[in-house]
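> As a plain string of letters, each chain reads:
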Amino acid sequence: MTWSKDAAEALADAGVDLIAYLPDSKMDALIDEVVDDSRFETVLVSREEEAIGVLVGAWVGGDRGALLCQSSGLANTFNAIGSLSVPARVPFLGAVTRRGNLGEFNIAQVPAGYNMDKLLDDVGVRNSVVTDSEDLRETVALAGETAFSTQSPYVVLLEQTVTGRKSEATE
Amino acid sequence: MTDARADQYACTESVLDITPDAAVVSNLGVASYVLASVSDSERARNFYQWGSMGVTTAVGLGLAISTDEPVTVLDGDGSLLMSLGTLTTVARYDPDNLTVVVWANDVYGTTGGQSLQASQTDFAGIAENSGLDAVTVRNTEAFADAYRDATESASVTVIVCHVDPVDPDARPPFDFPYIARRARDSLSTDTM
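Quick note, the sequences are listed as chains H and A, same order.
Each residue of the first sequence is one higher than the one before, counting from 735 in the numbering used here.
Each residue of the second sequence is one higher than the one before, counting from 57 in the numbering used here.
Because the hints were derived from the structure by calculation, they are not lab data.
Ideal Cβ positions, reconstructed from N, Cα and C, are used throughout, including at glycine.
The reader is advised that the hints may include incorrect statements.
From the structure, some residues in chain H lie toward chain A, with a derived Cβ separation under 10 Å [as the list claims (entries may be wrong)]:
# : residue
1 : A785
2 : D797
3 : N813
4 : I815
With the rest of the complex left out, here is chain A (with noise of 0.2 Å):
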């Protein structure tokens, strides 16, 4: 094991650059603090997660089982860890459109950095055993690669991301109504 962690700012806007009309879903607090950091701020289709912890995997299956564009959730490892069974339900249906990233800084970095203490659990060994494809990756032009390729795979595939904690002070929009309905509308008017 080596200690090499990836840049999440700089893996985040990949993600951005590679699937720019992705629906991106992200997990309340960190990962969507960063999402917004590096995104336009009328990017209509970051649904920005403001609650619901260990759900946020469960709403890009959702997602992308009712569209036929692009989902890609941002998920974190402390979220992940309160919902692992939500990885068999992923595999059950295996979109072709979805793709998994889980942000593993082995911290709960929303609520004050304390310690997952899950340095034994293999996030992407449980999703192997889940059904489902899955990398581990450690720096980000490996998750540059690693995005590009789960992108264009019929199955998905889980990204376990190796990242040191960060705390951004962007914030999404406060509206949560307003979040939702403006993914909604932009996955339902686009015409591209």
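Chain H with its partners taken away, still in its complex shape (with noise of 0.2 Å):
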């Protein structure tokens, strides 16, 4: 399978019932998998902060939510995380494909993508990276169980060597 259907295998393993996105080159091949997928509600924010609204209104309506972003825009969530989803203890399961790191070409990309991990964890949110794709069914699908059961958030980090680089630097 490819780590797209893996993915999305996962979320539904984790009992995800609404996804809220926006769209990514590399998270492209995942959004088109599961807005097609019955199995869940899929909603296009314009601004990822919404998102983890959104996700944390479906916890309320007791659903679980999954967030499909990438990591710039998960920087931007930051104050809905730090000021509602963590304290509020409402969970959600982020799969966020991350920048910055190995054969990152874009400088903008490198702050809050290199460093997304330890931004998490300044915050209070648990995270795990995947490097491998062998990985990302099981990683997806526990950090799924252990953010719902404990009622956190949770967010795992797809590695370029994942989902594929983005070449642009010819020279």
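Using the hints, put the two standalone chains together into the complex.
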């Protein structure tokens, strides 16, 4: 299976009902999987911070939510995570394409992308980095299991070694 | 333009009178403090926010998608100004059980009453141009009528209600996880 099919199955394994997302070139494959999958309700947001609100509302309504976005977009969510998800103990499962590490050509992706695991640690959100697509399905499913049973958010960062490189650095 | 303004306490009471079963998502600060002032302290379906300014309407959207119960957002003009794009997302999904109230007091009421400096901004016009039904009201009776119509409509209506700034003493519970869990339990276990 492709990484995106693995990830969609893992989201279903975790019991996710509602997925809030913003497009990303690497994330498109997974978004295409989930928007056509009747197991999921999907919500395209205009800014990632909104997604946190939508997922919190979904939890209060009895659903389990997941966030799909890129690491730069996850940086947009920090006030919502730090002042709503974490202190209200409302879980979500994040699957985030991580920029800024091996192979990155764009310096603007580096400060938040490369450091995203540390930024999440500092705001109190547990996280794992997946570098090998063999590990993807189990990691995402286990992340969902612990997020929803401990009622706290958990984010899985997907490296470009899983999702494929964006190759624009030509010289 | 007139200077008439509605009373936020009376309007919030109207919300609870007209939709006693609604889940009410209230913006941090004044909107939540007024809701706490006029609500029974045991009202489980008040999902008070303690933070995340700018995210309140998005919370209401997610809740409205996930429950069949009526959902009302009590947002503030300062909070909405921070996240106008959310109106486009609400229009995209347009859940028939969602109503959005925006208390327009022209100030950042929870941080000391500083001016929004947004008197040129037509929030209802922005909502309409985002694809939503919207109405502006300036007194308590007009609010109650607009709110009743909005809750009976199959589309989301944004009600921009001009109010005088207020500074309530009442506070929601400080236990934030309790607020969220109580709201969730009330929506998932009720059999009505």
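> Hints first: check each against the structure and report whether it holds.
Here is what the structure says about each hint:
| no. | hint | result |
| --- | --- | --- |
| 1 | A785 | holds (8 Å) |
| 2 | D797 | holds (4 Å) |
| 3 | N813 | holds (6 Å) |
| 4 | I815 | holds (9 Å) |
In terms of the numbered hints stated before, the structure departs from none.
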